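*Asks:* Quick one: dock chain against chain with the hints and give me the complex.
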Amino acid sequence: MTILRPDLAIISANIAPGARVLDVGCGNGDLMAALRDDKGCDARGMEIDSGNVSAAMARGLSVIQGDADVDLLDYPQAAFDYAILSQTLQTTRRPDLVLEQLLRVGRKAFVSFPNFAQWRIRVSLMWGGRMPVTQQLPARWYDTPNIHHVTIDDFRGFLKERSVSIEGQWFLSGGKTTSAAGANLLAEHAVFLLSR
Amino acid sequence: MKDDQRFGLNAHVKLLGPLALDGGGSLAPVEIAYESYGVLNADASNAILICHALTGDQHAASNHPITGKPGWWTRMIGPGKPIDTDRFCVISTNVIGGCMGSSGPETDSGDGTPFAMRFPVITIRDMVRAQALLMDHLGISRLHAIVGGSMGGMQAMSWAATYPDRVKATLIIASTSRHSAQNIAFHEVGRQAIMADPNWRGGDYYGGGKTPDAGLAVARMAAHITYLSEQGLTEKFGRQLQNRETKTFGFDADFQVESYLRHQGLSFTDRFDANSYLYITRAIDYWDLAEDYGGVLANAFRATKTRFCLVSFDTDWLYPTAESRTVVKALNAAGAAVSFVEIASPFGHDAFFLDVPEFDRVVDGFIRAGGL
Chain A
1 MTILRPDLAI ISANIAPGAR VLDVGCGNGD LMAALRDDKG CDARGMEIDS
51 GNVSAAMARG LSVIQGDADV DLLDYPQAAF DYAILSQTLQ TTRRPDLVLE
101 QLLRVGRKAF VSFPNFAQWR IRVSLMWGGR MPVTQQLPAR WYDTPNIHHV
151 TIDDFRGFLK ERSVSIEGQW FLSGGKTTSA AGANLLAEHA VFLLSR
Chain B
197 MKDDQRFGLN AHVKLLGPLA LDGGGSLAPV EIAYESYGVL NADASNAILI
247 CHALTGDQHA ASNHPITGKP GWWTRMIGPG KPIDTDRFCV ISTNVIGGCM
297 GSSGPETDSG DGTPFAMRFP VITIRDMVRA QALLMDHLGI SRLHAIVGGS
347 MGGMQAMSWA ATYPDRVKAT LIIASTSRHS AQNIAFHEVG RQAIMADPNW
397 RGGDYYGGGK TPDAGLAVAR MAAHITYLSE QGLTEKFGRQ LQNRETKTFG
447 FDADFQVESY LRHQGLSFTD RFDANSYLYI TRAIDYWDLA EDYGGVLANA
497 FRATKTRFCL VSFDTDWLYP TAESRTVVKA LNAAGAAVSF VEIASPFGHD
547 AFFLDVPEFD RVVDGFIRAG GL
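The listed protein sequences correspond, in order, to chains A and B. Residues 1 to 196 in the working numbering are what the first sequence lists, from first letter to last. Residues 197 to 568 in the working numbering are what the second sequence lists, from first letter to last.
Next up, chain B with everything else stripped away, as it sits in the complex (with noise of 0.2 angstroms):
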């Protein structure tokens, strides 16, 4: 596998497809970036599929192309940890829609231009089914394990019930099963945000020039309160004043709080595209599991050999605990083999990308439970 072109960092492949889509279009052909990390064996069954959120990306346990900043995963991916690449090739993917190499409104149409507005409308189970045709490309036919957090979380459901034998085990953090009124009323605020950008120009700003900034870092910093819980954001900043000693009376950031959302804003806008973020955020609000199944969602995964695993965290406002709950009293009425565990943290929805030791121990024991 050493020579083999097919992995390692910064990997991308143009598969013919065409992938027909949920909205009714298809695609072709399909690319995909991606990475791996560790070493496949033989039988090609130790592969780990990582799912990535919203603004996340393949680079999860490389450093960040654009950025230099260390993977958004790299302290549960790695050799020993949780998701151990001296036992398993782990792969991530950028999922087609997004903004990293994989197809999305930032590639070529076909006529040379990017698709820019003329991408097709895309669903999580499309993300999964482009994901499915890397897998066949990589000689993969099982999964030991698909993993993912928040929208990855989507991912790792949707894999779960539209391919059950080709996935051992599914472990999904912080998520739902569908998206409620109030997770697409945040979406809809990020998105008319970019649009209300004078130089979104119907999304017709590839050409160089002026790109919808000032759009995207709102559409950001909206979605990133809803990523936060108030505890933390209190005890990181208060009502503490940036670089000052009194109010000014002025719209300047005289709080911590603005400077550090203004900061999260700008610097979004380095490294992400706004039309991916409409796409996205799309493909995320069309979500409703339930739905493709007659709505009930316990027969999404009917007779289903894969073991899953939840994790929620009870600052988490976005998706909350009962979100998880729905889920796992579906997959108990389907009779699949569920752990589910609400862990303590201060993180908000947030806190799978941070330091939470007791959510390292659960999903090594849960990695470790599938072998290998």
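Chain A with its partners taken away, still in its complex shape (with noise of 0.2 angstroms):
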């Protein structure tokens, strides 16, 4: 058995047995074969790297190759218990218009971000002046996926603009869970669980 990246635990360990599954960017599927082995979940997936989708197919997962952006308009609404992105938001577009989707193709969204307003983020910007290279955020400026960056305080003042209720929410350091206090400070991840 794989061992999961700690937001991809929590969201496991979060998600109803039989429940059907869209994680979208899911990468090889690690997530999805442990819904699928663990849990018994419908998984499906989508993913924008053709290698990282056949790696998924060849482990029998049903995966699409596809962008968050464009291709999660075709799935009917509410066609999933869960659409799930994890440490996918801030690579894309349009962030706000993808959690719209989110939340449409599933009843309930998990969505995973890295925190930008972690402590040694800030440290980082504030005395070396510079786009911070962190464990969690390893790429330069000019070559890094995430085009979003976001902090939870964002996040949460996102959601309450939006009207989309939290129904859990949970913070990582060191790949260990901290409380909500101060998280926007302390927590160098964040997992939440999302409705309408």
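Incorrect hints may appear among the rest.
[As the list claims (entries may be wrong)] Coverage of chain B stretches by chain A, computed from C-beta distances (three or more under 8 angstroms per stretch; other residues unrestricted): (1) 531 to 537; (2) 558 to 564.
[To be verified] Incomplete in silico selection of chain A near chain B, CB under 8 angstroms: (3) 44; (4) 54; (5) 57; (6) 58.
Hints in this document: simulated from the structure, not taken from any laboratory. This structure is a prediction, so every number in the text was calculated from the model and none was measured. Cβ atoms here follow ideal geometry from the backbone N, Cα and C, with glycine treated the same way.
*Replies:* Written out as structure tokens, the structure is:
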């Protein structure tokens, strides 16, 4: 069994067995395989990179090569119990529209993202004066896929503005969960469970 | 099953029919030439049907009786290969309208003479219904998978739409849900080349004597260009001259690409019947799956339980990736379990016959996911 990335482990632990799931930006299908094998979920995936798609398909998973910014429109409303967007939100061209689509095709949505307000990043920008390169965000400013950096407070503000309900939230630092208090300063990653 | 005459190489069956055709008429008897590789299990649940492309035939994994060359998909079908004959009973049929033993313009019309142009115009769905008759004959009520590229992919789609309960998984390679104006135009060039050959004689050329080889060769040459990519042609031939130092300032095949195409055209006439080419290209031109479902492609797949996998190739300009995406979109709208990948290859439309390891892995993974 593959050991899941901490944010994926949280998502997996909070999905009901047998659920219909769409993993947007599913990579090579680690989460999908875990959901299928451990929880009997009907998991589908979307992934932009053809090498990852082939790898996931070679594991027998149903994955389509597609772009979250464009191809979510093809799915009917509430086609899935959960739509998942893990570590992908910040790479999309229009995160706001992608979130709308996510909450349209899924009755609930899991969203995880790296928190750009974590203190190490703040320090790096404050004292270094340069775009931070950290373990979580290893790419440099010119080759990063992360084109829409977001903080936990930004995201909460956005949800409030759009009247999206938070059904659950988890915060990670060094692979361990941390408390919601001070998460915007302390957490490296956030996982939200959302609904309309 | 060992002594069961229904299975094995070079099999042929004459089924009573009648087979009602989309064009209005019917066909009886229905002759089908086919082969099987591997052993059908006790509950007949391990059958995989292979559907060939326009100029293919049932010899997918055996030597071709006319050319002596290995079958067209030996790299995919065999023991331990992605379509594994140790685990599956793989069945490969010649489509009706074809010229390798299934009912077609070359076969007996019932009065001792070949049908020639009296053979009814058929559709992709007619081909599929004929295959379903064969599956009945073989005692296979449900296919573990159906696999096809190009026209074979159209048959696979048509199977899934026509017999949703008879197909567990459908693999559609380098195909399309409808023939475009450009696709039809290329086919029409080929048909006109055949019909313009004085030896075609309204299709009545079977009595011995000359056959419309020149026309058929031109048809093949024009079509062959559409199967290759510009990149592939450039890499293979560029502007290189054929066995000569300089241009001849004549109309001989100066360029290697000309010589190659002429060879492709001529060798094709050894193994293919011109009238079959007319009938099969016509069937493909009539292909528009959505048309039979109120113009909405998703309706062809409503409530389907079949798993689907579509594969396109980035240099295929005959049925480009957008055509596969149209099908994926419809399958998503229908809530089907669908996979799709565009694979990079320099070989154009013909990539599915050639060495593309990533493609093999995808086929293997998709087939394995169905169990057995």
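*Asks:* All the hints need checking, so say for each whether the structure fits it.
*Replies:* A quick look at each hint next to the structure:
1. Counting residues of the segment 531 to 537 of chain B whose CB lies closer than 8 angstroms to any CB of chain A gives 6, which reaches the minimum of 3, so the coverage claim holds.
2. As drawn, the segment 558 to 564 of chain B meets chain A at 5 residues by the rule of a beta-carbon pair under 8 angstroms; at three or more, the given contact holds.
3. The beta carbon of residue 44(A) is positioned within 8 angstroms of a beta carbon in chain B (closest approach about 7 angstroms), and the interface hint is therefore held.
4. For residue 54(A), the interface hint holds, the least distance from its beta-carbon to any beta-carbon of chain B being 5 angstroms, beneath 8 angstroms.
5. With 8 angstroms as the threshold, the beta carbon of residue 57(A) comes within range of chain B, its nearest partner Cβ sitting at about 5 angstroms, so the hint holds.
6. At about 4 angstroms, the closest approach between the beta carbon of residue 58(A) and any beta carbon in chain B falls short of 8 angstroms, and the interface hint on this residue holds.
Against the hints set out earlier in the document, no violation occurs for any number.
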